Amino acid sequence: MADVAKLAGVSVMTVSRIISGSGKVKESTRKKVLRAMEQVNYIPKGYTRQIIQHEISTLVLIVPDITNPFFTFIARGMEDVAKKHDYRVFLANTDENLNKEKQYIQMSIEFHADGVLIAPVGDDSKSNLELLEKEEIPFVLLDRDVEGIHVDLVKSDIVGSSKALVEHLISLGHRRIAIVTGPSNNAASRERLEGYRQAMALHNCPYSEAWIQHSSMTRDSDPKFIDELLKLDEPPTALFVANMFQYAHAINRLTELGLRVPEDMSIVGFGNSDYLAAVDSAFTCAVQPTYSFGSLGTQMLIERIEGLREGPRRIVLEANRVIRRSTAPLRS
Numbered sequence: 001m002a003d004v005a006k007l008a009g010v011s012v013m014t015v016s017r018i019i020s021g022s023g024k025v026k027e028s029t030r031k032k033v034l035r036a037m038e039q040v041n042y043i044p045k046g047y048t049r050q051i052i053q054h055e056i057s058t059l060v061l062i063v064p065d066i067t068n069p070f071f072t073f074i075a076r077g078m079e080d081v082a083k084k085h086d087y088r089v090f091l092a093n094t095d096e097n098l099n100k101e102k103q104y105i106q107m108s109i110e111f112h113a114d115g116v117l118i119a120p121v122g123d124d125s126k127s128n129l130e131l132l133e134k135e136e137i138p139f140v141l142l143d144r145d146v147e148g149i150h151v152d153l154v155k156s157d158i159v160g161s162s163k164a165l166v167e168h169l170i171s172l173g174h175r176r177i178a179i180v181t182g183p184s185n186n187a188a189s190r191e192r193l194e195g196y197r198q199a200m201a202l203h204n205c206p207y208s209e210a211w212i213q214h215s216s217m218t219r220d221s222d223p224k225f226i227d228e229l230l231k232l233d234e235p236p237t238a239l240f241v242a243n244m245f246q247y248a249h250a251i252n253r254l255t256e257l258g259l260r261v262p263e264d265m266s267i268v269g270f271g272n273s274d275y276l277a278a279v280d281s282a283f284t285c286a287v288q289p290t291y292s293f294g295s296l297g298t299q300m301l302i303e304r305i306e307g308l309r310e311g312p313r314r315i316v317l318e319a320n321r322v323i324r325r326s327t328a329p330l331r332s
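Just so you know, we're using the working numbering here: the sequence shown kicks off at 1 and counts up by one.
In case anyone wonders, no lab produced these hints; they're calculated from the structure.
As the structure is a computational prediction, the values presented were derived from the model and not from experiment.
One or more of the hints may lead you astray.
[Claimed, not checked] FRET-style restraints, in silico, Cβ to Cβ:
(1) R175 - D80: 42 to 52 Å
(2) G9 - E318: 18 to 28 Å
(3) E136 - P44: 21 to 31 Å
[Unchecked claim] Think about it this way: if two alpha-carbon atoms lie no more than 20 Å apart in a straight line, the pair counts; the simulated DMTMM-like pairs of lysine to aspartate or glutamate are:
(4) K126 - E136
(5) K134 - E147
(6) K32 - E136
(7) K102 - D145
(8) K24 - E110
(9) K6 - E27
(10) K231 - E256
(11) K102 - E147
(12) K102 - D86
Glycine included, C-beta positions come from ideal geometry on N, C-alpha and C.
Whole structure, please, built from the sequences with the hints as guidance.
Here's what the structure looks like:
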């Protein structure tokens, strides 16, 4: 115990309290002591090496929708890096629900996870993330910023990609361009809208608040945004959607109404990260390097856990724009 205390930089009494589970000890101190126990090969009565390793080698990935390939590839990138460093990964799916997010964060705390990689639900996730900060559990944000939370972040240049996609539509002659983005309390949704606005303003395109629609970015997105846009006196000739689910719902609803893509409506958006899954897709889209989101985010998280870096770091990756068959020149 004295060797453990010396290596961890704590008192023998603190080591004793951690082993016995009595008294309140900071989570970061507990982790430090458990690592020291492993390093000096100290296994107290009632412990096994597996228990010690289980305590110190767990990461949690919290995502809004695991059915979305965007997050599936993040999970794969995370697992590959975590395994190399002898960490195990637990997956939690929030369904864009703040209460579920809070439950999984509390689970991470109770399970004494080493760190958390999380794509937060939105701005209101701040109070949930503060629970991790209070327990001194390192975490890295994915895809979405949360104001007031200053930690490591991995995302793509959503504003720049959105602007480029809308400019592609403008280059084809479209001027009446609508946007369907996610909930406004989500930073990634607001960044899509900002890129759209920048492109429209730069090219002096007409602008109407009626062309801005908000919808869920999950599988159960409601395609009523198509009906809302088509009933306008001047309906759009082109559409920028937030992701592949909104694209699929838009295609299905337009088909039901007897309209064709791209002949009657050109569509762009953020698309599938898997080129194999997209091999028969017509979607003109920005493809984000989601595997790198997971791998880089996990590397940053492990560095944070092991005390190798100080100060938050932001990594902004470029998306790849792919021109396919969902866009065409404006018909006269």
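message: Checking one constraint from the list: CA of K102 to CA of D145, max 20 Å. Satisfied?
response: holds, 17 Å
query: Taking only the CA atoms, is the gap from K102 to D86 under or equal to 20 Å?
result: violated, 27 Å
- request: Verify the proposed pairing of K32 with E136, using a straight-line Cα cut of 20 Å.
  value: holds, 12 Å
- prompt: Should the hint that E136 and P44 are 21 to 31 Å apart at their CB atoms be regarded as holding?
  reply: holds, 23 Å
message: What's the verdict on K6 and E27, does the C-alpha distance respect the 20 Å limit or exceed it?
response: Holds - the C-alpha atoms of E27 and K6 are around 18 Å apart, at most 20 Å.
message: Does E147 sit within 20 Å of K134, going by the straight-line distance between their CA atoms?
response: holds, 17 Å
query: Within a Cα-Cα threshold of 20 Å, do K24 and E110 meet the stated pairing?
result: holds, 14 Å
query: K126 and E136: Cα distance at most 20 Å?
result: holds, 15 Å
- request: Would you mind confirming whether the straight-line C-alpha gap from K102 to E147 stays at or under 20 Å?
  value: Distance ~17 Å between K102 and E147 Cα, so the pair holds.
query: Is 42 to 52 Å a correct range for the gap between the Cβ atoms of R175 and D80?
result: holds, 45 Å
query: At the C-beta level, are G9 and E318 separated by a distance inside 18 to 28 Å?
result: violated, 42 Å
message: Can you confirm whether the C-alpha distance between K231 and E256 stays at or below 20 Å?
response: holds, 15 Å
Violated hints, in rising order: 2, 12; the structure is consistent with all others.
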